[in-house]
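Protein chains in written order, with this note's numbering: chain L, 177 to 555; chain G, 68 to 276.
These are computed hints drawn from the structure, not numbers from a lab. Errors might be hidden in some of the hints.
[Said to hold, decoys possible] Dumping the calculated DMTMM-like pairs for lysine to aspartate or glutamate here, alpha-carbon to alpha-carbon at most 20 Å:
1) L:K542 to G:E263
2) L:K542 to G:E264
3) L:K250 to L:E292
4) G:K105 to G:E127
5) G:K123 to G:E82
6) G:K123 to G:D91
7) L:K542 to G:D262
8) L:K250 to L:D318
9) L:K432 to L:D489
What follows is each chain in one-letter form.
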Amino acid sequence: MASSCRRLGYAVLLAVWLCSAASADDKWLEVKFANDSPVLLVSFSLGPTTARPLGMSMALDLHASLVLRNTGHKPISGLTLRVEAQDLTPLGKGSVTMPSLNVEPGEVFPVRVDMELLRPFSVAKSEGALVQVSLDCALFNDLSAYGPDTLGSRRALMVYELEARRDRRYLAYLLQTQRLAQLREELNFGLPDFSPQQLGLELLREPRTISRREQPVTVGAVSFPSSPVQTMSGAARVAGNEVRGPQIDVRNTSQKIVRSIDMGWIVRDDRGRDFIAGSVPARMQLGPVQTGTMMEPGTLRFSHPTGQPMVIDALMAFVNDVEFADGKLWIPSRVDIDEATSDPMLRRALGSSPEQQRLAEIYRRKGISGLAEELRRLN
Amino acid sequence: MSVIDLRTAVHPRLETLALYATGDLPWRLRWRTGSHIKHCGDCDQQVLLFRSATAKLKREAETQTLTGFEAIADWTRLEREMLGNIAVGVAAARCIDNVGRTRSLFSRGAFAAALIALFIAGWATHIPREQTAHLTASLRNLLGLERPTVTGTIVQTTPDGIAVRAQGATLTMMHPRSAVVSFSGASAVEARYVDEETGQVTITNVYGQ
């Protein structure tokens with residue numbers, strides 16, 4: 177009886193909420209591009225979008241399919257769409273990035289936006305659509321960019337593009353020299369379910385009090401020989417599955433001024449398995465031979481995909497990429513990755529780029545001939 | 068004297084007459100026997116004999132009792148002994164009660180301690196330390212001993228996507244199970260996967276402030 181009443185209450189709330197949304201003549205999702213944008217919306221459709229009550233909140237499942245056209249004069253290498261929900265602005269937002277696009281002028285390409293928005297019934301709905309999608313950055317194949325870049329997308333897209341070019345050259349080299357066994361290994365032998373080990377993450381920004389469980393650990397280094405910035409020493413506090421306040425000293429070993437460094441982090445669990453936890457780009461002006469300290473004030477909490485906490489046994493850092501003051505970027509070469517570690521799994525994870533993932537999918541679907549054709553087209 | 072049934076106007080039995088003499092018959096039988104005795108001299112005589120014998124026995128019994136009591140001259144001493152015996156009995160009963168209660172309490176306590184020990188051992192061997200710490204922290208938060216650790220924006224992975232929670236609302240960017248997640252900034256998490264329909268690599272991000 178109580179359950180029926182509750183369901184009825186939710187249904188009434190849902191109906192009232194939907195009516196209010198409809199009467200306001202608003203849309204669930206709005207796509208906006210500036211007039212001078214190099215991409216424009218060709219078509220937009222909401223797929224199986226549903227709204228349902230979830231506790232005292234409204235869960236809105238949005239599955240939007242966008243078809244965009246490159247209306248500029250240059251091929252687009254990648255782009256990032258910013259996804260903003262009015263209920264979270266300005267504290268939270270999302271994005272959808274499409275690297276390795278290679279869209280010629282005039283061509284169209286699809287972008288999917290699959291998201292769920294959970295908003296309390298008590299929150300008043302303001303003017304406009306619940307979710308706005310807009311262009312944050314578009315990167316062209318000459319590495320120039322367009323867009324407000326409020327999310328730091330230009331740097332990420334440039335890194336993806338440089339990695340893509342590196343990996344295409346490497347795979348084309350393997351193909352030309354008939355090193356097919358090595359090529360197959362690089363492309364996961366065409367296995368669909370092969371993917372790096374997964375983990376659950378939680379980022380907590382609020383500073384936490386030091387607990388007695390915390391253990392100070394030394395941060396190890398995975399060094400790339402040609403890196404213009406070398407890691408020196410580092411430390412962090414580890415408490416079970418949490419890493420707090422990791423920091424690492426770095427030195428600029430190049431002759432150029434460094435503007436920012438993207439520091440990658442590897443965590444080792446209590447079974448000795450290494451996971452690439454991610455990377456954090458940070459602005460850091462470093463002159464030649466100058467040293468500095470990169471630190472992360474927040475707390476990183478790790479868990480296995482099942483939700484079970486992952487006990488952290490060790491922490492390592494590596495320089496993922498470096499941006500110089502002249503705007504150029506350094507990324508590790510294939511030789512750097514090969515020489516960085518003797519662990520094949522870690523080496524594979526370090527060398528895994530979005531483009532390699534895409535080419536592995538082509539190899540899985542079309543075989544060597546399809547891969548060769550794709551490499552020929554892009555190189 | 069022959070035994071005669073009263074219903075047939077015969078004499079009552081001797082036992083009946085003896086009980087009548089002492090007034091122990093039920094009222095109905097007493098009335099019928101009394102009616103018979105009024106008209107029967109033999110039975111009346113027999114009842115008188117029973118009554119005199121009873122009176123004699125009572126007198127002798129009283130005489131013997133008085134003789135016994137007369138032998139106890141020190142009543143005060145007798146009273147003290149009796150009170151002392153009663154006190155000893157009561158104390159012994161209390162001792163026995165306490166012994167039983169203590170044993171019962173001890174056995175119940177031991178059983179509870181064994182259960183607690185089993186629970187602690189099971190918890191220690193089966194529940195990860197992090198979950199224990201998490202539970203402890205939650206209890207401390209609940210009791211007000213420790214302030215809540217997180218009140219601002221939370222960026223996290225979920226089984227279906229990556230989510231940012233702020234101001235009571237949650238935005239989740241959905242992804243397939245095959246997606247690889249990692250953090251991509253000080254307050255950002257990304258998920259990378261290949262779109263099965265287009266074969267295109269897609270990277271979703273959520274950002275907190």
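Quick one: which hint numbers does this structure break? Sort them smallest to largest. Failing hints, ascending: 3, 4, 9.
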